[in-house]
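**Q** Listed below, chain by chain, are the residues.
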Amino acid sequence: MNASPTSSSRVAGRLSARRRSLASAAFVGVVLGVLGMLYAALAPGGQASTSADPAVQRGRDLYNQGCSSCHGFAGVGARRAPSLIGVGAASVDFQVGTGRMPLQHHGPEAPRSRVRYSQQEILDLAAYVASLGPGPGIPQFNDADWQKADTAYGGSLFRTNCAQCHNFAGSGGDLTYGKYAPSLSKSTPRQIYEAMVTGPENMPVFGDKQITPDQKLAIINYVRTIKSQADPGGAGLGRVGPVSETVVGWLAGIGILVIVTLWIGARA
Amino acid sequence: MADTSKSGAGETAARKGLRYVDDRLGTAGFLKRSFNKVFPDHWSFLLGEIALYSFVIVLLTGVYLTLFFHPSSSEVVYNGSYQPLRGVPMTDAYASTLHLSFDVRGGLLMRQIHHWAAILFVCSIAVHMFRVFFTGAFRKPRTLNWHIGVTLFILAVLEGFAGYSLPDDLLSGTGIRIAYSVMESIPVVGTYLAYFVFGSNFPGVDFIPRLFIIHVLLVPGILLALISAHMMIIWHQKHTDFPGPGKTEHNVVGTPFYPTFLIKTNGFLFLVFGVCAALGTFAQINPVWLYGPYNPSQVSAGSQPDWYIFFLEGSLRLMPNLESNIWGHTISWNILVPGVVLPGIMFNLLYAYPSLEAWITKDRGFHNLLQRPRDMPVRTGLGVMSLTFYGILYIAGQNDVIANTFHWSLQGTTWVLRVLIIIGPPISFYIARRWCLGLQHHDEELLHHGHETGIIRRLPSGEYIEVTKPLPPERAEVLAMQLGHDLSGHAALPSSENGHGPSGNGHRPVGMMARARGALEGFFFERHEPPRANPEDDEPKTLTRP
Numbered sequence: 001m002n003a004s005p006t007s008s009s010r011v012a013g014r015l016s017a018r019r020r021s022l023a024s025a026a027f028v029g030v031v032l033g034v035l036g037m038l039y040a041a042l043a044p045g046g047q048a049s050t051s052a053d054p055a056v057q058r059g060r061d062l063y064n065q066g067c068s069s070c071h072g073f074a075g076v077g078a079r080r081a082p083s084l085i086g087v088g089a090a091s092v093d094f095q096v097g098t099g100r101m102p103l104q105h106h107g108p109e110a111p112r113s114r115v116r117y118s119q120q121e122i123l124d125l126a127a128y129v130a131s132l133g134p135g136p137g138i139p140q141f142n143d144a145d146w147q148k149a150d151t152a153y154g155g156s157l158f159r160t161n162c163a164q165c166h167n168f169a170g171s172g173g174d175l176t177y178g179k180y181a182p183s184l185s186k187s188t189p190r191q192i193y194e195a196m197v198t199g200p201e202n203m204p205v206f207g208d209k210q211i212t213p214d215q216k217l218a219i220i221n222y223v224r225t226i227k228s229q230a231d232p233g234g235a236g237l238g239r240v241g242p243v244s245e246t247v248v249g250w251l252a253g254i255g256i257l258v259i260v261t262l263w264i265g266a267r268a
Numbered sequence: 001m002a003d004t005s006k007s008g009a010g011e012t013a014a015r016k017g018l019r020y021v022d023d024r025l026g027t028a029g030f031l032k033r034s035f036n037k038v039f040p041d042h043w044s045f046l047l048g049e050i051a052l053y054s055f056v057i058v059l060l061t062g063v064y065l066t067l068f069f070h071p072s073s074s075e076v077v078y079n080g081s082y083q084p085l086r087g088v089p090m091t092d093a094y095a096s097t098l099h100l101s102f103d104v105r106g107g108l109l110m111r112q113i114h115h116w117a118a119i120l121f122v123c124s125i126a127v128h129m130f131r132v133f134f135t136g137a138f139r140k141p142r143t144l145n146w147h148i149g150v151t152l153f154i155l156a157v158l159e160g161f162a163g164y165s166l167p168d169d170l171l172s173g174t175g176i177r178i179a180y181s182v183m184e185s186i187p188v189v190g191t192y193l194a195y196f197v198f199g200s201n202f203p204g205v206d207f208i209p210r211l212f213i214i215h216v217l218l219v220p221g222i223l224l225a226l227i228s229a230h231m232m233i234i235w236h237q238k239h240t241d242f243p244g245p246g247k248t249e250h251n252v253v254g255t256p257f258y259p260t261f262l263i264k265t266n267g268f269l270f271l272v273f274g275v276c277a278a279l280g281t282f283a284q285i286n287p288v289w290l291y292g293p294y295n296p297s298q299v300s301a302g303s304q305p306d307w308y309i310f311f312l313e314g315s316l317r318l319m320p321n322l323e324s325n326i327w328g329h330t331i332s333w334n335i336l337v338p339g340v341v342l343p344g345i346m347f348n349l350l351y352a353y354p355s356l357e358a359w360i361t362k363d364r365g366f367h368n369l370l371q372r373p374r375d376m377p378v379r380t381g382l383g384v385m386s387l388t389f390y391g392i393l394y395i396a397g398q399n400d401v402i403a404n405t406f407h408w409s410l411q412g413t414t415w416v417l418r419v420l421i422i423i424g425p426p427i428s429f430y431i432a433r434r435w436c437l438g439l440q441h442h443d444e445e446l447l448h449h450g451h452e453t454g455i456i457r458r459l460p461s462g463e464y465i466e467v468t469k470p471l472p473p474e475r476a477e478v479l480a481m482q483l484g485h486d487l488s489g490h491a492a493l494p495s496s497e498n499g500h501g502p503s504g505n506g507h508r509p510v511g512m513m514a515r516a517r518g519a520l521e522g523f524f525f526e527r528h529e530p531p532r533a534n535p536e537d538d539e540p541k542t543l544t545r546p
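Chains as they are written, first to last, in my numbering: chain A, 1 to 268; chain B, 1 to 546.
The hints are simulated quantities; they were obtained by calculation from the structure and are not laboratory data.
Take the hints with a grain of salt, since some may be wrong.
Stated by the list, open to error - Pair by pair, the computed Cβ-Cβ distance ranges are: (1) B/V189 to A/R80: 50 to 58 Å; (2) B/G106 to A/K148: 29 to 37 Å; (3) B/G274 to A/E121: 54 to 62 Å; (4) A/K227 to B/R418: 33 to 41 Å; (5) B/L59 to A/F141: 50 to 58 Å; (6) B/R418 to A/R80: 32 to 40 Å; (7) B/I214 to A/S228: 35 to 43 Å; (8) B/P89 to A/W263: 48 to 56 Å; (9) B/V341 to A/G133: 53 to 61 Å; (10) B/V416 to A/K148: 48 to 56 Å; (11) B/P89 to A/F141: 23 to 31 Å; (12) A/W263 to B/T143: 31 to 39 Å; (13) B/L439 to A/W263: 21 to 29 Å; (14) A/P82 to B/G274: 54 to 62 Å.
Please read these numbers as outputs of a predicted model, since none were measured by experiment.
Don't be surprised by glycine CBs; every beta carbon is placed ideally from N, CA and C.
Sequences and hints are given; from them, build the entire structure.
**A** Next comes the structure, spelled out in structure tokens:
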């Protein structure tokens, strides 16, 4: 900062035009330096600035032990796993909370699995990853919020946006090359919401401008209503449509009748 | 005395009633003949009855459904008791199906029994057709009845598809959309045909009322008429039977229609009823409320038709994506071939098979005795080959559900099935034919050596003999006939009269078609073991100790 007066004294009196241009260059340098320091102070993601939060500190320790071997230190990503800067707390809560992370093996799809971390540990990890860069946070709503949403409207939204992969009743469906849309039978309302805002695995992100928070709650209500609803017609047969009905038709239907014909024939 | 007169009076009253009818219609002779009609006993002859009785169930339950179903595409807002759809706009057809399912007493049960019975109807037709095919029951004089049967099968499939489509739910609407596109794929007339059938562009408002009339009036009427014709022809021609002691081409051995057969078949009717009712009670089928109303912008993962359309779904899924453009018109081979050409070939082959086989074997005789699958290895092989082809298409129709269930790659299943559809049928033909020949071989051994007893006897000379127990003579006689031997010697009959051997009249065939026919005939009757000309060869094997 005080380099410009010394340089100006060195060349003083000889080239006033050059002096002027050097002065302006020095001014630009000062402004950039100030801006840079301001950015460093105000922008999120700096480890030094967030280390005050104990949750983030605990989360960083957990991260360094359990996640950094694939995702790299400070979530920068590596050859085997993507960067976690900017994925947000919701993503961590979904991936770790459904047991998809830590990943058991590489494949087209991370399957739902046993949850390896406690609820507190997941929140700590989420806080740490959220501190790396801004992203969707863990949605805050309680059961009453989604339970009062419009089920039928949620059903229409579900059939328009979700059913083509997750099937009409959320039983799951197949995607290309070994990928699949999982069954929603084990998903909690929070996980369904998080999936919509973060787009895990092969799922697209349904941002709040595509599907508003109220609409998301309606979808959750529909999924949960369908799940808890008994099948009025007897055994639901997995709710996958005619394929399971066909198996029952051939085995229990015509199969039993053919055995009956054998029985009648044997008594002739 | 008083008792006698009383019973006599009662008898007279009953007789009076019968005489009243008989005097006016002359039915006594018909009834007498009919009551004494003889039906042979074999379990496989009951398979067709499953079809008949499930059709009866479908008719009865279907009548109940028509009382509540509205075949209308007009839009309504659902306000019934199924909460997750309240306030959703839908067609009246779908709303009335929901009403039928949730607000009509017994409605859901009737719907489910109707649907399960329809599934069993098509299943049992297929199983019955296997029996008729593999036993050669389609041969003269029953060729016409085979044709009627194939028509019944096709109509049953159409009828089932129409019924599946009527509720206008998301799943069935997807199926209709595919059917519309298959129609459109027909060159030149496709779009006109689709417009003609739907009355407008897809989906339009005319289709559901039209489909309803097709489903409840047109096709059931034709089905009823053809089933009647099918059974009258059976009645007239009398039932076939497997060869057995005392059974010839000119008699029928079995139980009389009245009372034995009638009671048995009625019992069977109730068993079929029972299975349909049990399925309808305990197994949910076509939960339209879960599918939601049809909306062309929506589709569900795992959208499948009912089983009898799986093969078409499968052929569409396996077909590579081919399209060509001729003078500005697109021809979608990827839909035309699997959706129109393939089923056309398959059903025409079904119609033509009896004539094709008769042409190849030059078999113009009457056949009232059935063959076992092993008696005609090539026919059995062709049947198994066709079933393999059909089965692979059938599996391909649900490959996404299979891939998802077993965590396989969807593309992987498609490619495996594409390869299998080419190499599977010939392999299955080879295996089935070899299997039949092996069974024939076994039969020959039974006939000439009898059953093994496990006893080896040593003769005074030191020679060891394996002791076999010959078949009972009546069993041997039947087996000899089934293997195509005449009863005196063991040489294959040189004539085709019993359908077991080539005509072999010694003349060289003239003309290309005749030569082709001759070659096919040779293939049809080719055996891998030489005919046993010398009975001495058939002596029991002896073991000699040095």
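**Q** Evaluate each hint against the coordinates.
**A** Now for the hints, and whether the structure bears them out:
no.	hint	result
1	B/V189 to A/R80: 50 to 58 Å	57 Å, holds
2	B/G106 to A/K148: 29 to 37 Å	35 Å, holds
3	B/G274 to A/E121: 54 to 62 Å	57 Å, holds
4	A/K227 to B/R418: 33 to 41 Å	37 Å, holds
5	B/L59 to A/F141: 50 to 58 Å	53 Å, holds
6	B/R418 to A/R80: 32 to 40 Å	34 Å, holds
7	B/I214 to A/S228: 35 to 43 Å	39 Å, holds
8	B/P89 to A/W263: 48 to 56 Å	52 Å, holds
9	B/V341 to A/G133: 53 to 61 Å	57 Å, holds
10	B/V416 to A/K148: 48 to 56 Å	49 Å, holds
11	B/P89 to A/F141: 23 to 31 Å	29 Å, holds
12	A/W263 to B/T143: 31 to 39 Å	32 Å, holds
13	B/L439 to A/W263: 21 to 29 Å	25 Å, holds
14	A/P82 to B/G274: 54 to 62 Å	59 Å, holds
Violated hints are absent here; each numbered hint is respected by the structure.
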